[in-house]
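A.B. asks: Take the two lone chains and join them into the complex the hints point to.
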Amino acid sequence: DAGVIQSPRHEVTEMGQEVTLRCKPISGHNSLFWYRQTMMRGLELLIYFNNNVPIDDSGMPEDRFSAKMPNASFSTLKIQPSEPRDSAVYFCASSEPGQNTGELFFGEGSRLTVL
Amino acid sequence: AQSVAQPEDQVNVAEGNPLTVKCTYSVSGNPYLFWYVQYPNRGLQFLLKYITGDNLVKGSYGFEAEFNKSQTSFHLKKPSALVSDSALYFCAGPNNAGNMLTFGGGTRLMVKP
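Heads up: the protein sequence lines correspond to chains A and B, in order.
Numbered per the numbering used here, the first sequence spans residues 1 to 115.
Numbered per the numbering used here, the second sequence spans residues 1 to 113.
Treat the hints as calculated values from the structure; they're not laboratory data.
Since we're looking at a predicted model, the values are computed, not measured.
Don't be surprised by glycine CBs; every beta carbon is placed ideally from N, CA and C.
Keep in mind that a hint or two might mislead.
[What the hints assert, rightly or not] Just the calculated beta-carbon pair ranges, DEER-fashion:
no. : chain 1 : residue 1 : chain 2 : residue 2 : range
1   : A       : E44       : B       : N41       : 17 to 23 Å
2   : A       : I5        : B       : P79       : 23 to 29 Å
3   : B       : N41       : A       : R41       : 14 to 20 Å
4   : A       : P97       : B       : R108      : 29 to 35 Å
5   : B       : P79       : A       : T20       : 42 to 48 Å
[Said to hold, decoys possible] Pulled from the structure, derived: some chain A residues nowhere near chain B, Cβ distances all over 10 Å:
no. : residue
6   : Q17
7   : T20
8   : G109
[What the hints assert, rightly or not] Just a few of them, taken from the derived set where beta-carbon distance is under 8 Å, the chain B residues facing chain A:
no. : residue
9   : P40
10  : R42
11  : M100
12  : L101
13  : F103
14  : G106
Next comes chain B alone, as it looks inside the complex (with noise of 0.2 Å):
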């Protein structure tokens, strides 16, 4: 079973607007998560990650994610969004052997003008 969980296939928002990418995850202890980025016919790309301490991660490209554990999220977040943000999310945990990362099934993000 996966360790992390996207439950939108698609977010829209408007140019300007704060986005959020919704990820949740169930792995046991001390979790380390990860935002990968997709663009059009390209390879995965790191965003950000999570390993410990501050519960508010900040990335590439103006993104953050705030890890909280009452709520098992890792949620990506970008206070406005731009019209070129607009790709596939993925987020990205270890798997439930510890032994490898594992991908959610990845939330397009539509960014419209």
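If we strip away everything but chain A, and leave its shape as in the complex, we get (with noise of 0.2 Å):
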């Protein structure tokens, strides 16, 4: 298996302008979580959603973000529109079926930088 996959790896954009940034989980694996992690702040849990229905999206920071996961192999986070301070590195991580609690695979992460 390919593992979690995000893209994109890399993206520079300036400030109103939105954002999407893409996941595609282990095949198989049915509970993904959408993180970000910041110097100021660690890594926060945003938003993680259950056989591709949200859980538990009080990580969100704003309405400027959401998050679908319109089937099994794909989820998106929005941000719209995008600020300096959203400046971060963004990961994806699923894991297998009854174990949100268990262990997580996680993807390399988007690295955002707003201008």
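C.D. replies: Have a look at this one:
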């Protein structure tokens, strides 16, 4: 298996622009997580899905952030409009059925820079 | 509130010396605990986990961790550090609701030649 695949790996955009980050979880995994990592705040859970359904989005910073999982093999995290403080590395992770508190498999991350 | 805490932002150790990266937990009952490692510009990678059983857990790259219930700790250890072990290490455990994994703040390990 190729592991969790994220795209783009790097994104540089200007304030106010829409940003869409993409994630393909490992086949057969039914839980998907979006994390944000910054120097100041460390690793933060933004939202997680179970069987394509959002279970907990309490970590989503504000209404500018939205996440979708239209099917078991694809998820997006969208920021609209983007702001410089959104600059961070965004990670997607997935886990096997019944293992949302078990081992997580992380993608390589999407490094976002908002100018 | 986080269920795990890493009291050290950074640990420095000389190559060949033993290393310890500390983690304490506050989950009641029998916790399940994890260690993950993050190399520069990479995602987190699973190192090892404790569920039940032997308090000494062995993991990848020669790392091990000891679950200590009386001290509510799960410190990561390695008998002889390598320069290539330099990375960011995260301890993880269940959140208070027990429905997802929560991570500590991370400890940067610097192994100097």
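A.B. asks: Evaluate each hint against the coordinates.
C.D. replies: The hints, checked one at a time:
1. E44(A) / N41(B): 17 to 23 Å: holds, 19 Å
2. I5(A) / P79(B): 23 to 29 Å: This hint is violated: roughly 36 Å between Cβ atoms.
3. N41(B) / R41(A): 14 to 20 Å: holds, 19 Å
4. P97(A) / R108(B): 29 to 35 Å: Check passed, 34 Å falls within 29 to 35 Å.
5. P79(B) / T20(A): 42 to 48 Å: The hint (42 to 48 Å, Cβ to Cβ) holds, given that P79(B) and T20(A) are roughly 46 Å apart.
6. Q17: holds, 24 Å
7. T20: It holds; T20(A) is separated from chain B by about 19 Å at its closest Cβ, greater than 10 Å.
8. G109: The claim breaks: G109(A) does not keep its Cβ more than 10 Å from every Cβ of chain B (closest is about 5 Å).
9. P40: violated, 11 Å
10. R42: At 6 Å from the nearest chain A Cβ, R42(B) passes the 8 Å test, so the hint holds.
11. M100: holds, 6 Å
12. L101: Result: holds, 5 Å to nearest chain A Cβ.
13. F103: holds, 5 Å
14. G106: Given a least distance of 6 Å, the restraint on G106(B) holds.
Of the hints listed earlier, those the structure fails to meet are numbers 2, 8, 9, in rising order.
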